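Those sequence lines, one after another, are chains D and W.
Just so we're aligned: the first sequence equals residues 1 to 99 in my numbering.
Just so we're aligned: the second sequence equals residues 1001 to 1395 in my numbering.
Any given hint might turn out to be false.
Said to hold, decoys possible - Simulated crosslink set (DSS-like; lysine-lysine; CA at most 27 angstroms straight-line):
1. Lys43(D) to Lys1037(W)
2. Lys96(D) to Lys1262(W)
3. Lys96(D) to Lys1037(W)
4. Lys1040(W) to Lys90(D)
Said to hold, decoys possible - So the derived label-pair ranges between C-beta atoms look like this:
5. Gln47(D) to Glu1094(W): 37 to 47 angstroms
6. Pro1038(W) to Ala46(D): 19 to 29 angstroms
7. Arg80(D) to Pro1221(W): 17 to 27 angstroms
8. Ser61(D) to Glu1340(W): 45 to 55 angstroms
9. Ser44(D) to Glu1194(W): 55 to 65 angstroms
10. Ile1229(W) to Ala98(D): 24 to 34 angstroms
11. Lys1262(W) to Asp64(D): 19 to 29 angstroms
12. Gly1331(W) to Ala46(D): 25 to 35 angstroms
13. Thr1300(W) to Asp64(D): 52 to 62 angstroms
14. Gly10(D) to Lys1262(W): 34 to 44 angstroms
15. Ala46(D) to Ser1080(W): 25 to 35 angstroms
16. Leu1089(W) to Asn99(D): 21 to 31 angstroms
17. Gly1060(W) to Ser44(D): 53 to 63 angstroms
Honestly, the hints are just simulated from the structure, not real lab data.
The model shown is predicted, which means the values in this text are computed figures rather than measured ones.
Even glycine gets a Cβ: it sits at the ideal position worked out from N, Cα and C.
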Amino acid sequence: MKTTYKILTGAMTILVMGLTITACSSSKNAYVNADTDDFKIEKSGAQYWGETCNRCHLAPSPADYNDTDWGTISLHMRIRANLTAMEINKIETFLKSAN
Amino acid sequence: MKKLIILITIVGFCHITYGQTYNNFETDSITESQPYKPSKTQFMIRGYGHTGLNFMNAEGEKESSYVGSAFAPIFLFKHSDRLMFEAELEFVLENNELEVGLEYADVMYILNKNMTVRAGKFLLPFGTFMERLHPAWINRLPTRPLGFGHDGIAPASGIGVELRGAFDLGGPSLNYSVYSTNGPRLKDGSEEPEEAGMLMFQNFEDNNTSKAFGGRIGLLPFADSSTEIGFSTYSTSKVGATDSEYENTGAFLYAIDFAFIKQIPAISGFIDIKGQYNNSDIDDATFTETHEDGDEEEYTFDNKSNSFYAQLSYRPTMASSDFLKKLELVGRYSNLNTPEGAEWEEQSDQYAFGLNYWLTWRSVIKIAYQTTDSVGGHDGGGTANGFFVHWAIGF
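Go ahead and model the full structure; you've got the sequences and the hints to work with.
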């Protein structure tokens, strides 16, 4: 195997390992002095549904499945499309509210 | 006889006596119905199917046939909010035979919000086409790009273990995957001489002790998730069988993928741009060719291949007409180059254009025209034109 390719593969592995360690780490001050008055603008589940669910196929109709079905489909699609936890949670909540 | 009659009478009397029930209206009116509680586990069947009609014209040889009847059920069993089993079967009528395949079957467990582990046979995230876009109801055209697919130059699925997840970067997001699978097998030409040097990615039992390692990183740089850029790698140090002359032949593959999907009011609809480039580099090896007179000749070649596709589609979702809203125009260019000097040497360019009508979000009628110019290849090259009418449905 070419040396360059080994280096490239190794670098990619190290990068992913770094991301993994970062994801598993916790911050000591994460829950201290949290200012509950901070206002954050976040996208709604409907926005995520319109933007994210269109990336591969057409956005699904919320009325096509019931709440239990959407829970299963959301878990499946979280893996298949590699969605973030926030994206899939908001989309699932929206779909259940709109069916 | 008298004893039997007496016995039947006694049994009947006792049945009537103890079988009598009394309505207790007071109790019935007080009891409240219990609320419905959905199950935490669920078994679900999804999937897709398609069929169609193909007209082919290759160097003057015309062919017309109803083809492509396929059925691919997907089984999902949700054990909990973190644990799921998924599997997909594929039934295809092809070459007058029913072909049955297991597309994937794996178990996945969510470790935390950024990490999920998966094990079994799963679709490999080498680029995005085979993992996300290949199902007939998602693929905008009836055919696949050159070099993409189960017989292409890139892996589609593998048996192994994978770690994947995604990060929210406060607007942008990043997703990753790292996996290890049984490595591909190198075709040495002993069974199919015309395919010597090709990789066979369907390797259910590893033919050596070396495993393949791969991964993909995808970046969505904008908050609206309209754009995604991905880079994938897949490599192994051994593709030949243990103790064979090809044992230490290695392979390194990489892919770059791109996607842009956005609704643009100025053009009254959605624009969808997708593309992927695959590159395959296999260590050089020596193969044997047997001539008609029985003589054997050794040969070698620089075993490098690449394939590429770019696709553009447009849906007028903001049109005033309901009919126009369901239409989609799509065009695709793909290219395949395989090693010079190989029995499977090929340089091909393909253009495909299609018009789709979406009955629902998961049912589509596709009409497409495709032209392919090839030099080399199994068929010897030339120009092949095709006209397709397909109907695909997801469920």
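**Prompt:** Does the Cβ pair Lys1262(W), Asp64(D) satisfy 19 to 29 angstroms?
**Reply:** Distance hint for Lys1262(W), Asp64(D) holds at roughly 24 angstroms.
**Request:** Verify the proposed pairing of Lys96(D) with Lys1262(W), using a straight-line Cα cut of 27 angstroms.
**Result:** 25 angstroms, holds
**Message:** Verify the CB-CB distance for Ala46(D) and Ser1080(W) against the hinted window 25 to 35 angstroms.
**Reply:** Holds, since Ala46(D) and Ser1080(W) (Cβ atoms, about 27 angstroms apart) stay within the stated range.
**Prompt:** Taken at face value, is the distance from the CA of Lys1037(W) to the CA of Lys96(D) at most 27 angstroms?
**Reply:** Holds - the C-alpha atoms of Lys1037(W) and Lys96(D) are around 15 angstroms apart, at most 27 angstroms.
**Message:** Just to be sure I understand the hint, the distance between the Cβ atoms of Gln47(D) and Glu1094(W) should be within 37 to 47 angstroms; is that true here?
**Reply:** 42 angstroms, holds
**Prompt:** Is the hinted range of 53 to 63 angstroms satisfied by the C-beta distance from Gly1060(W) to Ser44(D)?
**Reply:** 58 angstroms, holds
**Request:** Kindly confirm whether 55 to 65 angstroms is satisfied by the beta carbon distance between Ser44(D) and Glu1194(W).
**Result:** With Cβ atoms ~56 angstroms apart, the hint holds.
**Message:** Checking one constraint from the list: CA of Lys1040(W) to CA of Lys90(D), max 27 angstroms. Satisfied?
**Reply:** 19 angstroms, holds
**19 to 29 angstroms as the expected CB spacing between Ala46(D) and Pro1038(W), which holds or is violated** = The hinted range 19 to 29 angstroms holds for Pro1038(W) and Ala46(D), with Cβ atoms some 23 angstroms apart.
**Message:** Lys43(D) and Lys1037(W) were given as a pair; does the straight-line alpha-carbon distance stay at or below 27 angstroms?
**Reply:** 30 angstroms, violated
**Message:** Given a hint of 25 to 35 angstroms, does the C-beta separation of Gly1331(W) and Ala46(D) actually sit inside it?
**Reply:** 31 angstroms, holds
**Request:** Given the hint of 45 to 55 angstroms, check if Ser61(D) and Glu1340(W) actually sit that far apart at their C-beta atoms.
**Result:** 50 angstroms, holds
Hint 1 from the list above is the single one not met by this structure.
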